[in-house]
Structures are given as C-alpha cells and as structure tokens.
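Undergrad: Spelled out, the chains give:
Protein chains: 2
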Amino acid sequence: MDKFRLGPQTLVYPMPAFLVGANIDDKPNFMAVAWGGIANGEPPMVSVAIRRQRYTLKGIKQNWTFSVNIPSVDMVNETDYCGMVSGSKVNKVEACNFTVFYGQLGNAPLIEQCPINLECKVVQILELGSHSLVVGQIEETHISEDCLTDGKPDVNKVKPFIYTAQPARHYQAFGEVIAKAFSIGREIEAKKSN
Amino acid sequence: MDKFRLGPQTLVYPMPAFLVGANIDDKPNFMAVAWGGIANGEPPMVSVAIRRQRYTLKGIKQNWTFSVNIPSVDMVNETDYCGMVSGSKVNKVEACNFTVFYGQLGNAPLIEQCPINLECKVVQILELGSHSLVVGQIEETHISEDCLTDGKPDVNKVKPFIYTAQPARHYQAFGEVIAKAFSIGREIEAKKSN
Chain A
4 MDKFRLGPQT LVYPMPAFLV GANIDDKPNF MAVAWGGIAN GEPPMVSVAI RRQRYTLKGI
64 KQNWTFSVNI PSVDMVNETD YCGMVSGSKV NKVEACNFTV FYGQLGNAPL IEQCPINLEC
124 KVVQILELGS HSLVVGQIEE THISEDCLTD GKPDVNKVKP FIYTAQPARH YQAFGEVIAK
184 AFSIGREIEA KKSN
Chain B
4 MDKFRLGPQT LVYPMPAFLV GANIDDKPNF MAVAWGGIAN GEPPMVSVAI RRQRYTLKGI
64 KQNWTFSVNI PSVDMVNETD YCGMVSGSKV NKVEACNFTV FYGQLGNAPL IEQCPINLEC
124 KVVQILELGS HSLVVGQIEE THISEDCLTD GKPDVNKVKP FIYTAQPARH YQAFGEVIAK
184 AFSIGREIEA KKSN
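Order-wise, the sequence lines are chains A and B.
Here this note's numbering is used: the first residue of the first sequence is 4, the next is one more, and so on.
Here this note's numbering is used: the first residue of the second sequence is 4, the next is one more, and so on.
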C-alpha cells in the first residue's frame, strides 16, 4: 500500500462536537469544541483544547470551572452557531434559546436541551501554543431522563454527532453498530491458536 | 426536561478507537485507546490517556515517541484484540498481521494497514490518577493513497469508526452527513435578526 505524507496535521477521526460552557463576568456562554476527549479514568477527567483568545477561556480562568455539554442531532444548528460567533459580541444563550441551569459547582453553566452535561473543575491548563489544553475533573454528570434505558445512558436516545474536518467540514450522525467491543477481538485469538 | 444525576462519569460521545503504537525494547507494540483527541492547533498536537501500568506506556517513556493510527471498519477485530491483550504477553503485530513501517522519527511504529498514521514526539506527560495523559506533537501525517480524493483525506474512503461505551461497549460506523459546519449556524443568526 502506498502512503502519502501530508506534513504535520490535526487529522483524527472521529472528533466530537462539544458545547463547552463557562460563566464570564457571571454570565453564561458556550462555544463549540471539536478538540477534546476523556483524559483520565479515576478520577474522571476530560480535556478540551481552546484557542487562547477565546471569550469562554476567560470565564474558565475566572472561575476555574467549566461544563461539557453533548448536543443531539436536533441541536446541530445551535452547535454550529456557537462555533461561529463570539460571546463577546452576542448573547448566544438568548440567540439559541438555551435554558441554562447550574449543578453542584454552582458556576459551571449547563444547557438543559443537551442530553448530557458534565460539570468540571479545572485541574490544570497547559499552554501548548495556539491553544490552551484545559484539563478538568468531572464533578457531576447530568443526563436527560428520556435518554436513559434501564437507568443507563442510551446512545440511540442521546443521538450525539461527530465533527468531521476532512475532506469538508461536516457534522455526521452515528452509524450502525459494527461489532461488540472486548469481544470481536477474540476471533484473532482463536485464529492465532489454530 | 427532567435531569438525572449519574455521579462523576467519563461519559462523552463520540470516543475514538485509536491504535497507539510505541517501540518497547526496540520492538513495536500497539494498544487501543478510546480516550484522546487533538490537543493543540499550531503546532499540531494530540493527547492520549493511557492507564499507568500499560506496556505501551513503557515504550513511550523509553523513546519519548509514539504513533496514533486510525483503523478502518475492516480492522475492527484487530483493534479490539489490541485492546484486550497485553504486548507483554503476546506479539500483537504478528497476531494481527500488521505490516509495520517507520517514518521520520525512526522509532514510532506505524501500521501500514491503517489508513492514517500520525508520528508523535512527546511534549509532556501528565500523571492525572489512574492514567497518564500523553501529549505529543504531530511531526508527520501519513495517509494511504487510496484514501485521498483530489489530494485531500476522504472520510468515506478512510472509513473510521467510533467507540461507544454506553449503554454497551460497541464499535459504530460513521453515519450520514447531517449538516455543513460553519454554515448551518447562520440560520440562527438569520432568525435572530428577524
């Protein structure tokens, strides 16, 4: 197979479409973040990469708290909007008709319409270059009750989506289940022992 | 909408299914990693969370280099296998029939069968608890030539997949494009100015 070199690129699949929230001067604001993921298991932590001049980052540094909200496919317009405009110029909460609530941290704003909301306390901020990598400990997880099945989060009810940057900037739904994890790999093991 | 509190959880969608590689005692090994994402834009960086006792982490610390390989849906068995067994016990490269190649770093092993390969140099390792968060600068990006369209990475040819942990541990394909990013959000703006 021939390989082609593209130079250093931020090329991974999938990327999330998080709505990261913070209070700035006591007012809630949200931005779209595609660069982030889980950073630790015990205790649970998440990381988000935020361009250094972003308005939301100012709020994160004011309170040392933030939120990660997972939007569903029916919130793709709002998510995109939150990635296009700055909270320093417009009131995104108002424009998107977000209902904001607060949980146990008290100052990490959460979007009621998003099926999943993580409340985070900043553990560390790494200044890596163009972006600050904000690592936060997940202090509480909220889920909309209608997204639970037998008390467990159900991806088919959450209906999250993916951000894809290449070849074009798109949002994509989740597709079909292709295999059971920690299971299908046994076929390799079986083949090996033949 | 009623919200339910789940306690602190590593609950985000989507999570990736990366195959992270390193040389340990000069031999290549790969593990599956669902906790990671892009960490910086300029220069490009990626982060991966690895449980501290993992064999691959030993190699990353030996060489201060690693790779992130993006498998395609037809490699789901191999990916799962690499997440189920330890390289300290089995030769995963042999079991999975991986063809390993090296790029410009010389000691970050890359899987030829994976459509995308990132070569990374460690920038920082954060000891966060159960996991080490390894932040690496992406020094080179390789892509299989048959995954390019007009010289650009084509997600429909790469055929990456998602790892889903809840309600069950599954691998899922990418679904349909639901919207154009940096575009669909304008509808909110238009509504606002009415």
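Treat the hints as calculated values from the structure; they're not laboratory data.
These figures come from a predicted structure and were not determined experimentally.
Just so it is clear, CB atoms sit at the ideal spot from N, CA and C, and this is done for glycine as well.
One should not assume that every hint holds.
Unchecked claim - Which chain B residues stay away from chain A? Per the calculated CB distances, all over 10 Å, these:
| # | residue |
| --- | --- |
| 1 | Glu45 |
| 2 | Lys64 |
| 3 | Asn80 |
| 4 | Val125 |
Stated by the list, open to error - In silico BS3-like pairs for lysine-lysine, Cα to Cα no more than 25 Å straight-line:
| # | chain 1 | residue 1 | chain 2 | residue 2 |
| --- | --- | --- | --- | --- |
| 5 | B | Lys30 | A | Lys194 |
| 6 | B | Lys6 | A | Lys160 |
| 7 | B | Lys6 | A | Lys183 |
Undergrad: Look at each hint and say if it fits the structure.
TA: Evaluated hints:
no.	hint	verdict
1	Glu45	4 Å, violated
2	Lys64	18 Å, holds
3	Asn80	5 Å, violated
4	Val125	13 Å, holds
5	B:Lys30 to A:Lys194	22 Å, holds
6	B:Lys6 to A:Lys160	14 Å, holds
7	B:Lys6 to A:Lys183	29 Å, violated
Checked against the numbered hints given earlier, the structure breaks hints 1, 3, 7 and satisfies all the rest.
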